[in-house]
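Q: Here the structure of chain G is known, so what remains is to put chain F in place on it, guided by the hints.
Respectively, the protein sequence lines represent chains G and F.
For the first sequence, the positions run 5 to 218 when my numbering is used.
For the second sequence, the positions run 850 to 1250 when my numbering is used.
Keep in mind the hints are simulated off the structure, nothing from the lab.
Mixed in with the good hints, there may be bad ones.
In silico BS3-like cross-links for lysine-lysine, where the CA-CA straight-line distance does not exceed 27 Å [unchecked claim]:
no. : chain 1 : residue 1 : chain 2 : residue 2
1   : F       : K1244     : G       : K75
2   : F       : K854      : G       : K145
3   : F       : K861      : G       : K145
4   : G       : K128      : G       : K145
5   : F       : K1244     : G       : K63
6   : F       : K854      : G       : K138
7   : G       : K138      : F       : K861
8   : G       : K128      : G       : K138
9   : G       : K145      : F       : K1156
10  : G       : K145      : F       : K851
11  : G       : K215      : G       : K68
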Amino acid sequence: MRLSLEHIVPIPLKDKINEYNSRVWNQQLTFNSGERVFIQAPSGTGKTTLVHFLYGLRKDYEGKIHWSAFKMHEINREQLSQLRASSVSVIFQDMRLFPELTTWENIEVKRRLTNTVSEYDAEKWLDKLGVKHKADSPASKLSYGEQQRVAIVRALVQPFEWLIMDEPFSHLDYANRQRAIALIDEVATMNRAGLLLADLDDNDYFTYSRKLLL
Amino acid sequence: MKPLKQSRLVQKLLLRHRSNNRLWASLIALFAGTTLLLIAVMIWWNFSLILSGTHDNDSLGSTFLTIGKQVTDQSMGKKGASLFTPKEILTIENAPQVQDVGMLVSNRFPVYASLSVANGFSTDMFLEAVPDRFMDKQPNGWSWEEGNTQVPIILSSDFLNLYNYGFALSQNLPQLSQTTIQALAFDITIGRGLYTEQYTGRVVGFSDRISSVLVPESFIEHGNKTFAPNAPIAPSRLILKVKDPSDKRFAEFLQMNSYTTNAEQLRWNKMRGVVDAVATGTGILALLLMGIGTLVFILFIELTIAKAEASLSLLLQMGYSPRYLGMFMLRRFVPLIVITLMASAVIALILQEVIAAKGKALNVTLPDLPGWPVWVALAASAGVLLAFVSRSIFKAINQEQ
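In isolation and in its complexed conformation, chain G is listed as follows:
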């Protein structure tokens, strides 16, 4: 699945964008399937805004975003849900777990949507990230770090061609981060999926094919 951005300009940041030399905003960009892209975005440059545009959560922009045949400015709600369920997955900066569900329920609510990942794999991945023992704990009782690891596993228990990540390791220590990176790399490779990671500082978590400054 190819991702193209045609001169995307967020309307709230319209005036600000011209002040600096963004390699993303108001540019013509195409990301081929399987690419691993890093977008470095200093505070206030619209990192989360971009993630929300790509995931179809916001539409207050000028320009066009295409996920292959899906045109984000024309997409209807059913198509959008299809795109999210089986082509584009996301790890939100603010995790967005269901606080009233347990860790395992949070995984299951996503896994059951497509039933493409076995519960054995899901359990194994939770174990890899060290949160299996929290399976029956309500998400609201988890620490930020634990929540972030659950959110990562949740993003992986669906088929995807692209994984969008918004500061995915912000609450993880080095060891946990390395385990998470290894897992994402493994599952993304298995899916032959592209990665698009947005973060504040430069990093080499993955072998990026492209690094862009927002």
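A: Just chain F now, with coordinates in the frame of chain G:
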């Protein structure tokens, strides 16, 4: 770890906040409204059945009317003034509510009856005939062909009553039961002068519908042809099959043409007004209650969705489709509606059985099961309710991001 059921997870997220009190209140209002609506339809439907006479409700005297021309001071002396002309019959056939018109043809020859067992009991009498389709009863042996010496007779129940309670008492004669009368054989002599014919008459049944002494049409035709070939065959009375005798236009038609009928038979006119008012009142109340019930139910759904807004929004972000979530909500709420409507249907079924039983006691035959208008009303209310509920669910879900 055990795999979990998707629907149970979604239910936990979306329906955790529902208020059972509100749900019960709305379901009770819906149940009351639907039940009242069905009752209103049943009142109207059962009454229509009685009026249209589809179930042989002749004892109510509603569907078959005998009409004649009013005998006035002016028409008294005129021969044939009380007979119906073909033109008049045609007009009556086209009158409001009239479904069928039959002629009551009377004898144009003298009839003399005597009872051999009661020596000396003899009388001049008259006979009439109507087409068989207007008869309320067609007892065994109700036919006559030339050459038959036995003539079957159907007597008006009113005549027997007149005899038993009026004549017999005053003349110190024995009162007679229907079976006794049926056991008697009359000698009937028709014709005048030298040429007469002798028959044996036997009462084979009693009619509530027609106040007359009835014999088969073929017998009257034979007598009229034989003894009065030149007499006019125009009828003096007509029997009408009327769809709804309570219709004002029909009553006005009779009045305008000075036709007489048993006024009692038109008593439904007033009753119909009362029943209409009751059915309309119940119907309006039912619609009001259903409206309130639907409104409370919809508010309940919207409130449930609003309370689960965060979960709903996140489910959509996960990739759950609005259609799936809408159908999920519908699947949770539709059974409640269906059960409520079914409870109303059960009440309607029981009620109709009670009505039929009560009717039977009053000699009114009514079906044991509610008829199609009741089911149509139920289906219509179910349709409207489901349309409103699904619309409100999908509208609420589509408002979410």
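Q: None of the hints should be skipped; say for each whether it holds.
A: For each hint, the structure was consulted:
no. : hint               : result
1   : K1244(F) x K75(G)  : holds (24 Å)
2   : K854(F) x K145(G)  : holds (23 Å)
3   : K861(F) x K145(G)  : holds (18 Å)
4   : K128(G) x K145(G)  : holds (22 Å)
5   : K1244(F) x K63(G)  : holds (20 Å)
6   : K854(F) x K138(G)  : holds (20 Å)
7   : K138(G) x K861(F)  : holds (20 Å)
8   : K128(G) x K138(G)  : holds (13 Å)
9   : K145(G) x K1156(F) : holds (21 Å)
10  : K145(G) x K851(F)  : holds (21 Å)
11  : K215(G) x K68(G)   : holds (21 Å)
Of the numbered hints stated above, none is contradicted by the structure.
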